[in-house]
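Spelled out, the chains give:
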Amino acid sequence: MIKLSVNGESHEYSGETDMPLLWYLRDLLGLTGAKFGCGKGLCGACTVHLDGQAIRSCSVAMDRLEGANITTIEGLGKGKDHPVQVAWRRANVPQCGFCQSGQIMQAVALLEQHELPTDQEIDDAMSGVICRCGTYQRIREAIKAAAEDLI
Amino acid sequence: MSNIRQLNRRDFLKTGGIFALGVSLYGCGRDASPIANKKPAAPVPWRADVYVSFDAEGVVHIISHRSEMGQGIRTGLPAVLADEMEADWRQVVIDQATGDAMYGNQNTDGSWSVRGFMQRMREAGATVRLMLEQSAAAHWEVDVAECKAVLHTVVHEPSGQVLEFKDLVAGAAELPVPTVDQITLKTPDQFRYIGRELKIVDMHDMTHGSAIYGADVRVPGMKFAAIARPPVVFGKVQSFDAEKAKAVPGVLQIVEMPALEPPAMFKAAGGIAVIAENSWAALKARDLLAITWDDGANADYDSAVYRESLLEQVRKAGNSKRNQGAIDTALSEAASSLEAEYYAPHLAHVPMEPPAAVASVSDTFCEIWAPSQDPQSLIPMATAVTGLPAEQIKVNVTLLGGAFGRKSKCDFVEEAVFLSKQTGSPVMVLWSREDDVRHDYYHSVSAQQLAAGLDGEGKVTAWRHRVAYPTIMSTFDASLKEPQALELGLGAVNMPYDIPNVRLETGEIEAKVRIGWLRSVCNIFQSFAINSFTDEIAGARGLDPLENLLDLLGPDRVLDFSEFGYELTEGYPFETGRLRNAIEYASKSGEWGRELPAGHGLGIAAQYSFLSYVAAVVEVAVDEDGSWRVPRVDIAIDCGQFVNPDRVKAQQEGAAVFGLSLAREGAITAERGRIKQSNFHDFPVLRMNDAPTTRVILIESKAPPAGAGEPGVPPIAPALANAIFAATGKRFRELPLGVKLKL
Numbered sequence: 000m001i002k003l004s005v006n007g008e009s010h011e012y013s014g015e016t017d018m019p020l021l022w023y024l025r026d027l028l029g030l031t032g033a034k035f036g037c038g039k040g041l042c043g044a045c046t047v048h049l050d051g052q053a054i055r056s057c058s059v060a061m062d063r064l065e066g067a068n069i070t071t072i073e074g075l076g077k078g079k080d081h082p083v084q085v086a087w088r089r090a091n092v093p094q095c096g097f098c099q100s101g102q103i104m105q106a107v108a109l110l111e112q113h114e115l116p117t118d119q120e121i122d123d124a125m126s127g128v129i130c131r132c133g134t135y136q137r138i139r140e141a142i143k144a145a146a147e148d149l150i
Numbered sequence: 000m001s002n003i004r005q006l007n008r009r010d011f012l013k014t015g016g017i018f019a020l021g022v023s024l025y026g027c028g029r030d031a032s033p034i035a036n037k038k039p040a041a042p043v044p045w046r047a048d049v050y051v052s053f054d055a056e057g058v059v060h061i062i063s064h065r066s067e068m069g070q071g072i073r074t075g076l077p078a079v080l081a082d083e084m085e086a087d088w089r090q091v092v093i094d095q096a097t098g099d100a101m102y103g104n105q106n107t108d109g110s111w112s113v114r115g116f117m118q119r120m121r122e123a124g125a126t127v128r129l130m131l132e133q134s135a136a137a138h139w140e141v142d143v144a145e146c147k148a149v150l151h152t153v154v155h156e157p158s159g160q161v162l163e164f165k166d167l168v169a170g171a172a173e174l175p176v177p178t179v180d181q182i183t184l185k186t187p188d189q190f191r192y193i194g195r196e197l198k199i200v201d202m203h204d205m206t207h208g209s210a211i212y213g214a215d216v217r218v219p220g221m222k223f224a225a226i227a228r229p230p231v232v233f234g235k236v237q238s239f240d241a242e243k244a245k246a247v248p249g250v251l252q253i254v255e256m257p258a259l260e261p262p263a264m265f266k267a268a269g270g271i272a273v274i275a276e277n278s279w280a281a282l283k284a285r286d287l288l289a290i291t292w293d294d295g296a297n298a299d300y301d302s303a304v305y306r307e308s309l310l311e312q313v314r315k316a317g318n319s320k321r322n323q324g325a326i327d328t329a330l331s332e333a334a335s336s337l338e339a340e341y342y343a344p345h346l347a348h349v350p351m352e353p354p355a356a357v358a359s360v361s362d363t364f365c366e367i368w369a370p371s372q373d374p375q376s377l378i379p380m381a382t383a384v385t386g387l388p389a390e391q392i393k394v395n396v397t398l399l400g401g402a403f404g405r406k407s408k409c410d411f412v413e414e415a416v417f418l419s420k421q422t423g424s425p426v427m428v429l430w431s432r433e434d435d436v437r438h439d440y441y442h443s444v445s446a447q448q449l450a451a452g453l454d455g456e457g458k459v460t461a462w463r464h465r466v467a468y469p470t471i472m473s474t475f476d477a478s479l480k481e482p483q484a485l486e487l488g489l490g491a492v493n494m495p496y497d498i499p500n501v502r503l504e505t506g507e508i509e510a511k512v513r514i515g516w517l518r519s520v521c522n523i524f525q526s527f528a529i530n531s532f533t534d535e536i537a538g539a540r541g542l543d544p545l546e547n548l549l550d551l552l553g554p555d556r557v558l559d560f561s562e563f564g565y566e567l568t569e570g571y572p573f574e575t576g577r578l579r580n581a582i583e584y585a586s587k588s589g590e591w592g593r594e595l596p597a598g599h600g601l602g603i604a605a606q607y608s609f610l611s612y613v614a615a616v617v618e619v620a621v622d623e624d625g626s627w628r629v630p631r632v633d634i635a636i637d638c639g640q641f642v643n644p645d646r647v648k649a650q651q652e653g654a655a656v657f658g659l660s661l662a663r664e665g666a667i668t669a670e671r672g673r674i675k676q677s678n679f680h681d682f683p684v685l686r687m688n689d690a691p692t693t694r695v696i697l698i699e700s701k702a703p704p705a706g707a708g709e710p711g712v713p714p715i716a717p718a719l720a721n722a723i724f725a726a727t728g729k730r731f732r733e734l735p736l737g738v739k740l741k742l
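Sequence order for the protein chains is A and B.
All residue numbers for the first sequence refer to numbering that gives the first Met the number 0, where the first residue is 0 and numbers rise by one.
All residue numbers for the second sequence refer to numbering that gives the first Met the number 0, where the first residue is 0 and numbers rise by one.
Keep in mind that the hints were calculated from the coordinates and are not lab data.
Mixed in with the good hints, there may be bad ones.
[To be verified] If you only want the chain B side, here are some residues facing chain A, beta carbon under 8 angstroms, derived:
1) G208
2) S209
3) D215
4) R217
5) P248
6) Y342
It should be emphasised that the depicted structure is a prediction, and the values quoted were computed from it without experimental measurement.
For glycine and all other residues, C-beta sits at the position ideal for the given N, C-alpha and C.
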C-alpha cells in the first residue's frame, strides 16, 4: 500500500508498483492534464511537481512515491490562476496546447528556484520540455513577464 | 458523452454588461415618435444556419467544423461568422462539429480553412444578422432599414430602442431565410473581429490541463489497447506467444488484427493487440508479446541503398514535366554552367500527441472520439469495419495535440473501431512514441539535381531540375512510381524564375514505406534545392544573393503553369510581384547586409506555397568546431486577407522552429525494412535552447485569403544553408545538416 498526496488530497495505491505516476494520475485518478508524449522522460509533456520539484511523471514508478506530495496542473493555483498561467494567456503562448501543461509546471518550478531567471537559466530549465508547434519564444517572454509579476 | 467539453462556455455568464447597456439606452431615443413596445417573446431553439444556432436560452452557438491542431481555426472561422452577425464574441459558445457532410468539407489540410470557408461564414453571419433585424422591425412595426444589429442587440436608430438578440430569436425563426443577394456583407471598416488579435477560445483549457485531446477521452467501461504492429510495412504475423503478456495484471484480452494488404490507404497496419484495464498494463504487456513476423516484400528496404538508387535517377534524363525552350542546347552552349545534387531524408511528423482514439461499437451504433484532421473520412471506414450505415455512426472530434498531416491518416481510428467491435467494449487505442516514429506515413526521401547555364554576361539562360522521390500517391495506388502533378506543383513545376530554357524531369522509384504529407509537403525539399541552387548561382554570377534572387525573379508578372499539369486556383493568380514584395520585406526586417560578428552569416530564401508568398532571412552563428545555432529569423508573409494576425504570426514562428528542426537533425532511415529511429533521442526536434527569436512581418493585403499554417516552413532550411555558406564558405546540399558541420 502506497500512501501519497495529490493536489492536497490523500490517496492510497495498491496496484502494480512499477506503474509510472503518469498512468496513475491519468487512468486511476482521471487527472489528464499531464500528457503522455514519449514515455522516456525525453519530452516533458508529463511534467508535474514532486515536493515542489519538476519531475517527469512518465519515468517515476509508484513504488518511489510513498509519502510524496504531488501537484499536477489541475492543482496549480488552487482555484486561482497562477501568475504563470496569466502570463501564458497574455503572451498567447499555446498553439495546439498539448505540451503546455508540462511547460507551465516546469516554468512554475523554475520561478520557485530563480526569482528572475536569466536567459540561460530559462533555457536550462525549459529545454527538457518539447513544443513541436514551436511556441518557445513566447514561453520565454511569458516566463519573464511572470517573474516580474511574482516579484 | 459528457466528458468531452464540446461546449466552450465562456465567462459571459458572469458579465451582465450587455443587458445593462440595453436598459440604459431604452427610451433615450432622439425621435419621440412612438413605436410598438410589446414584451419580447421568449427565445426558442433556432438553427439559423448549419454553422450557427440559438439555444433555448437564446445563447448563440457557432460551429467550428474544421479541426483545431494549433492553427487557431476554432477561433478564426467562428469569429468571422460572429463579426458579420454582430454577435458579441464574449457571449458566443463554440461547438465542435461532429464529422458530418452537412458541414461541407471538414478535411483540415492544405492550409485552406480560411480560404475555403471565410466567405461562407460571412454569408451565414450576414444572413442571421438580417433576420434578427427583420425580427426587430416586425416587433417594433417599423421599417427594417431603421433597425441595425449592434453587438448582440438590434437598435431602432430613430428611437434609440434596443432589443437583445435573444429577444428576437422567436420572431426570426418564423421568417423566410433571405437569399445571398438579399444580404449585405460588412465593409472592412465595419469589421469588429476580422483582422484583429483575438485570444483563442481554448486558452483557458489549454493552460489549466482541462483541454481534451484524443487520449483524454473517458467513456464508461472503456478498455485500453496497445498494438504490436509489423516492423516492416505489409509484414504479417507468422506466429505469436502471448503467455507473458497475459500474465501482466490488468490484461484482459489478446486480439490479432487483420493483416494490411496494399495499397496502404489509411487502413490499420495489422499486428497483435493487447486489451487491458489501463494504459500501463496495455503498453507493458504489448512489449512482452513474442511475435515471429513474416516481413514480406519490403524487408529489403535499406535507406542507404535506396539513396543510391534515387541519386542514379537524377543523374540521367527523366520524364519531362515542364519543358520550355531548348534545355539541352542551352546548357551545352552556355558560356558557363553549374550543377549540384541535393538530398533530403524521410521525416516523421511526431506531433506531441501520439495518435490515440476511442471507439464504442454496439450492434446498432458506432461512436468515435478522435483527434482527426478529416472526421468525415471515418464514417465510410467505420461502415466497412462494423457494417453499420452512416446514420448509426457518430464521429466526435477532440482537440488535436499537433498533427502536421499525420492525423489526416487515421489508421489509428480504424484500429479502435475494429477492437471495440471485437471486444464489445469501448476501446482506446494508445500509440507510444515508438509506435508513432516507426509506423508513420513518412515525408518522402528525395534526391534532386539542378543544372544551370549562364551566358557571357552572367545572365541565367538554362535551368534543369531533376527530382526523384517515392510518391505520396503510392499510399493509394501501389503501382505509382514517380512524383505526381500535385507534388510537382509544390515548388518544382511552378519554379518562378525568369529563365528562357527550363526543364523539369522526374525519375522513378518504388515506395518501400507508407508515404504521407507533412506540413508544407514536397515544398520542403523542392524549396531546399531550388533556393540553395539560386544561392549557388549568385556565387557563380558574383552577385549578392538578394540581388541575384530579385534579378532571377524578373519583371513583375503573372505566371501560369497550367499547361504543365499545374492546377490553377480560381481567383489566385501567381503574382511574382508579391513574392518580390515578401523578399523585400524580409530583407529589410532582417537588415540584409548588416555587420555581423565573426562566424555569423545571413541567408535568404523565398517560396510561393499554398497560394501565399513568403521570404525568410536566417542568421546563423557557426563555431570553429562546426557547431551552430540560429539566433534570429525574419519571415515576411503575404497570405492575402487574414483573420487573426496573432495566429498567423504564431504559425510563422512555429514554422521557423519546424524548419530548423528538420534541417538540424530530422532523418528517418531504415534497415531490413525496419525504421531505425524510435523516440526523441534519435529523432530529435528543436528544443528551447536551440530556438531562434523570430520576427514576423505580416504583409497587409487586399488579396483573398490564402494559406498560413504551412507556407512559413519551406524557406527556412534553404535560408539556413545559405547563411551557413555566407558564414563559412562551405555549401551543404544534404539535409539534415547535423548539430556539427564538417567544415
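For each hint, the structure was consulted:
A distance limit of 8 angstroms between C-beta atoms decides the matter here; for G208/B the minimum to chain A is near 2 angstroms, and the interface restraint holds. Look at S209/B: its Cβ gets to within about 7 angstroms of chain A, closer than 8 angstroms, so that hint holds up. The interface hint given for D215/B is met, as the beta carbon of that residue sits about 4 angstroms from the closest beta carbon of chain A, less than 8 angstroms. Because the beta carbon of R217/B sits about 7 angstroms from the nearest beta carbon in chain A, less than 8 angstroms, this interface hint is met.
A hinted interface residue such as P248/B counts as satisfied when its beta carbon comes closer than 8 angstroms to some beta carbon of chain A; here the least separation is about 6 angstroms, so the hint holds. With 8 angstroms as the threshold, the beta carbon of Y342/B stays out of range of chain A, its nearest partner Cβ sitting at about 24 angstroms, so the hint is violated.
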